[in-house]
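Student: Protein sequence lines, in the order shown, are assigned to chains A and B. Quick note: the first sequence uses our numbering, first residue 785, plus one each step. Quick note: the second sequence uses our numbering, first residue 30, plus one each step.
By construction, these hints were calculated from the structure, which means they are not laboratory data. Mixed in with the good hints, there may be bad ones.
Said to hold, decoys possible - Partial chain A-side listing against chain B, Cβ under 7 Å, derived:
1) GLN811
2) ILE855
3) LEU859
As the list claims (entries may be wrong) - With a straight-line cut-off of 16 Å between C-alpha atoms, the simulated EDC-like cross-links for lysine to aspartate or glutamate are:
4) LYS793(A) - ASP831(A)
5) LYS793(A) - GLU286(B)
6) LYS810(A) - GLU286(B)
7) LYS793(A) - ASP842(A)
8) LYS793(A) - ASP807(A)
Keep in mind that this is a model prediction, so the values were computed, not measured. Backbone N, C-alpha and C fix where the C-beta goes; we use that ideal spot for every residue, glycine too.
This is what each chain is made of:
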Amino acid sequence: MPNSSGALKIDRLLLEVPGGSADYGKQVATLVAAGLAAAGTVPQAGDLPTLRIAVRADARADAATIARRIIAELLRALARAP
Amino acid sequence: MKRPSYLQQIVPAAPGRFRSGAPLLVPIPPLFRPSSADLQFVETDVVTRPLLVRNPLSAPQANHLTVEAAGVARNETREPIAPAGARVTSRLSPEIDVSDAGELARSPLISRDGPDLMGSHTTPASNARQRPSDAQRGAAVARGSATGRIVQGPPVPEAVAASGAQLLEPMSSAPESLTPLSQNEREPARVIALPGAGIFEQPTARPATTRDEDKIGKFAAAARPPRLSPPSAPSQLPVASNRGAGEPRSLHIGTLEVRVIAPPPIAPAPAAPVRAARRSSGRKTGIGRGFSVFGLGQS
């Protein structure tokens with residue numbers, strides 16, 4: 785997943801959405817990748833083997849909303865990470 | 030016999046004793062003891078100053094004045110060797126003006142026409158007989174040997190002795206400048222003012238000597254502030270960053286685990302307790318226990 789000023793590469797994305805289907809999961813993952821690409825510079829550079837985040841959202845919400853929340857939480861986690 | 034008065038009876042006969050004769054303990058007045066704030070010692074330093082002479086004359090004549098001053102300064106012997114119109118500085122007194130005969134007579138150290146404090150046999154007649162002329166006085170002063178009691182000063186050149194009288198005349202002119210005549214540190218501080226000098230002038234500063242420079246250097250070395258060095262660069266902590274000069278920032282995430290947590294179901298707000306219908310007013314509920322209305326229910 786290339787970045788505009790740098791590069792953000794995610795080898796594997798595990799998405800756990802309780803009560804959602806696989807298609808719903810794929811849709812959310814695609815939206816997350818697109819959102820990270822559009823986010824611009826990532827707040828951190830380096831190599832992170834594993835990054836776990838948790839997003840509180842309603843499983844019944846649409847995929848775009850969940851994707852936005854995942855992106856925002858991911859950027860906050862990267863900003864907090866040393 | 031007269032009886033003692035009442036006061037005489039009650040006042041003890043001996044001071045410091047009661048009537049019973051017991052010694053009266055009087056607190057001893059505290060002795061003066063210097064506190065810690067007082068000086069425990071006094072360090073004195075002898076400061077020497079070069080001899081300064083207000084000299085209106087030229088340089089060679091200034092040397093002559095030095096010699097003359099050295100001879101006159103021996104007035105500790107109380108010999109009337111100073112010529113009239115000369116201002117004499119002795120070692121004991123800071124300055125004595127002998128230009129006035131009246132003041133000279135009142136001077137305790139120099140006896141010109143007055144009584145000799147040292148007990149010499151000089152009388153006014155003998156003084157008049159022994160009083161030399163100005164030229165003779167100048168020569169005697171220049172020689173520094175007016176009498177045997179005069180303490181010998183530094184050696185006097187013959188030329189000065191010969192022209193001693195001539196030197197006295199220009200001394201009466203107004204002074205113009207200060208000329209250091211002696212740089213010897215061991216020379217005691219003396220200031221010789223010539224006639225016409227208004228005030229006693231004394232040099233306020235002395236030239237720094239080698240010893241002073243050593244002291245200054247020692248104190249300067251002791252008071253030298255510690256040398257400040259710029260702080261060392263903070264240690265570089267290992268960070269997961271591979272930032273390079275021109276290398277773009279890159280982040281690699283091996284596994285991103287995203288877990289969507291469903292918010293807890295919002296429980297419906299508990300229904301507000303339905304307020305009981307307002308009871309009808311009146312005394313249906315009766316009066317509370319303990320209360321009573323006079324005249325009601327008290328039948």
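Student: Please work out if LYS793(A) and ASP842(A) have their alpha carbons no farther apart than 16 Å.
Tutor: Distance ~28 Å between LYS793(A) and ASP842(A) Cα, so the pair is violated.
Student: If you draw a straight line from the CA of LYS793(A) to the CA of ASP831(A), is it 16 Å or shorter?
Tutor: Holds, because 9 Å separates the two Cα atoms, which is no more than 16 Å.
Student: Is the interface hint satisfied for LEU859(A)? The criterion is a beta-carbon contact with chain B at less than 7 Å.
Tutor: Constraint on LEU859(A) not satisfied, violated at 11 Å.
Student: Below or equal to 16 Å on CA atoms is what counts here, so check LYS793(A) against GLU286(B).
Tutor: holds, 14 Å
Student: Can GLN811(A) be said to touch chain B, with a Cβ gap under 7 Å?
Tutor: violated, 13 Å
Student: Would the hint linking LYS793(A) and ASP807(A) be met if the CA-CA limit is 16 Å?
Tutor: At roughly 23 Å apart (the allowed maximum being 16 Å), ASP807(A) and LYS793(A) break the hint.
Student: Against chain B, run the beta carbon of ILE855(A) and see if the smallest gap drops under 7 Å.
Tutor: Check failed: Cβ of ILE855(A) comes no nearer than 10 Å to chain B, outside 7 Å.
Student: Check whether the Cα positions of LYS810(A) and GLU286(B) lie no farther apart than 16 Å.
Tutor: Given pair LYS810(A), GLU286(B) holds - Cα atoms ~14 Å apart, limit 16 Å.
In this structure, the hints that do not hold are numbers 1, 2, 3, 7 and 8, in rising order.
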